[in-house]
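There are 2 protein chains.
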Amino acid sequence: MQRIAVFASGRGSNFRSLLEAERSGGCPGHIVLLLGDKAGAGAVAYARGQGIETFVVPSKKTKGRLSLEEESAFRDACLAAKIDWICLAGFMRILRGPLLEAFQGRIVNIHPALLPAFPGLDAQKQAFDYGAKLTGCTVHLVDAGVDTGPIVVQRSVEVLENDTVATLADRILEAEHAIYPEALRRLLGEKWERRGRRIVFQPRKDKP
Amino acid sequence: MQRIAVFASGRGSNFRSLLEAERSGGCPGHIVLLLGDKAGAGAVAYARGQGIETFVVPSKKTKGRLSLEEESAFRDACLAAKIDWICLAGFMRILRGPLLEAFQGRIVNIHPALLPAFPGLDAQKQAFDYGAKLTGCTVHLVDAGVDTGPIVVQRSVEVLENDTVATLADRILEAEHAIYPEALRRLLGEKWERRGRRIVFQPRKDKP
Numbered sequence: 001m002q003r004i005a006v007f008a009s010g011r012g013s014n015f016r017s018l019l020e021a022e023r024s025g026g027c028p029g030h031i032v033l034l035l036g037d038k039a040g041a042g043a044v045a046y047a048r049g050q051g052i053e054t055f056v057v058p059s060k061k062t063k064g065r066l067s068l069e070e071e072s073a074f075r076d077a078c079l080a081a082k083i084d085w086i087c088l089a090g091f092m093r094i095l096r097g098p099l100l101e102a103f104q105g106r107i108v109n110i111h112p113a114l115l116p117a118f119p120g121l122d123a124q125k126q127a128f129d130y131g132a133k134l135t136g137c138t139v140h141l142v143d144a145g146v147d148t149g150p151i152v153v154q155r156s157v158e159v160l161e162n163d164t165v166a167t168l169a170d171r172i173l174e175a176e177h178a179i180y181p182e183a184l185r186r187l188l189g190e191k192w193e194r195r196g197r198r199i200v201f202q203p204r205k206d207k208p
Numbered sequence: 001m002q003r004i005a006v007f008a009s010g011r012g013s014n015f016r017s018l019l020e021a022e023r024s025g026g027c028p029g030h031i032v033l034l035l036g037d038k039a040g041a042g043a044v045a046y047a048r049g050q051g052i053e054t055f056v057v058p059s060k061k062t063k064g065r066l067s068l069e070e071e072s073a074f075r076d077a078c079l080a081a082k083i084d085w086i087c088l089a090g091f092m093r094i095l096r097g098p099l100l101e102a103f104q105g106r107i108v109n110i111h112p113a114l115l116p117a118f119p120g121l122d123a124q125k126q127a128f129d130y131g132a133k134l135t136g137c138t139v140h141l142v143d144a145g146v147d148t149g150p151i152v153v154q155r156s157v158e159v160l161e162n163d164t165v166a167t168l169a170d171r172i173l174e175a176e177h178a179i180y181p182e183a184l185r186r187l188l189g190e191k192w193e194r195r196g197r198r199i200v201f202q203p204r205k206d207k208p
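Chains A and B are the protein sequences, given in the same order.
Counting along the first sequence from 1, when you hit position 197 you're at 197 in the numbering used here, and nothing is skipped either side.
Counting along the second sequence from 1, when you hit position 35 you're at 35 in the numbering used here, and nothing is skipped either side.
Careful: at least some of the hints might be erroneous.
Since copy identity is lost for identical chains, a pair holds within one copy or between any two.
[Unchecked claim] For lysine to aspartate or glutamate, the following DMTMM-like pairs were computed, each having C-alpha atoms within a straight-line distance of at most 25 Å:
#1 63 / 190
#2 125 / 143
#3 125 / 158
#4 191 / 161
#5 125 / 193
#6 125 / 147
#7 191 / 163
Simulated from the structure, these hints should not be mistaken for laboratory data.
The shape of chain A in the complex, shown without the other chains (with noise of 0.2 Å):
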């Protein structure tokens, strides 16, 4: 079973998510670790609660790289813990080396818009303000730009008239908490291989 370590920074809502596919089989991973920048984030107290392992290098930023001790200490403690694949859940922070070595190819994050359209903060806002009629959210693995990543699943969210920033973040959110778990569970659990940028699953085969 491999081993999963999830960085959030905030309430958590896609830990969650992940946790309860876990736990209703549909994902084939073990999360055994949740780190965080914020030792009151949401995320760190329902960790606790959960019994799993927290470990949070606290820093006044909000927003930003990480420094390069503390980013080396968030992988000491990955690699102290064995974990074979890392999910970035609403962590606010930028990755720049450590952790990016230690786990190459092995570092995921959700982002609330389709990228490559609207990377970076505020993505929804961004894709409101531009006059998208069709947003939504993608996974993708962490390289060392801002949401450049090769991309593993995306699910799009069509904007209504009546929406406003915030309707519109809360369904593409609800989209996030379906497509994060399922990329997992490609991920870990299929066959797919890298061809330039694209991430190409074997076909499925129907089961028997």
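Mind docking chain B on chain A? Use the hints.
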């Protein structure tokens, strides 16, 4: 009845889908003129066969901006035909001035990607090579940029594991044939307004 001109450089499959929509009552306008930059284009021959007036300004260029003289000739033809709306339908040349000024806010284009992702040429291949799992097509109003104008309608198309650029482009084209008439129907037949760069349609009331 609002008078529509269609611009096409190629075989004109989107032109045909607009014509078919008009004839089946699915477009609240009347296509009266087909304009192009290639005398031998399939779209021109089709228009003639259907008894629709054509206007061609032959050019050896296959892409890039129109010259001022070329664009002025197209503008004058549209003005003479008392055109209300212009639909670019696989017209490979970029407008720069005279048409945009004369028909400001009344020129529509269709693009084979979910803008703002993958603007410009070969959008289907761009999306395929990027490894997008969802792409699609966009109908938008034309402004002075390349594929940057306000969005009217978008539809998503899934990239399948066994797709090639050609099979993907075929499915996107099918979606184009559905949304271009839909976009015209909404623009010409519904109430809408601009808010910033958003096009917001008035919510449709259920018919009694």
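Problem set entry | List of violated hint numbers, smallest to largest | The structure conflicts with hint 1 only, although it agrees with all the remaining ones.
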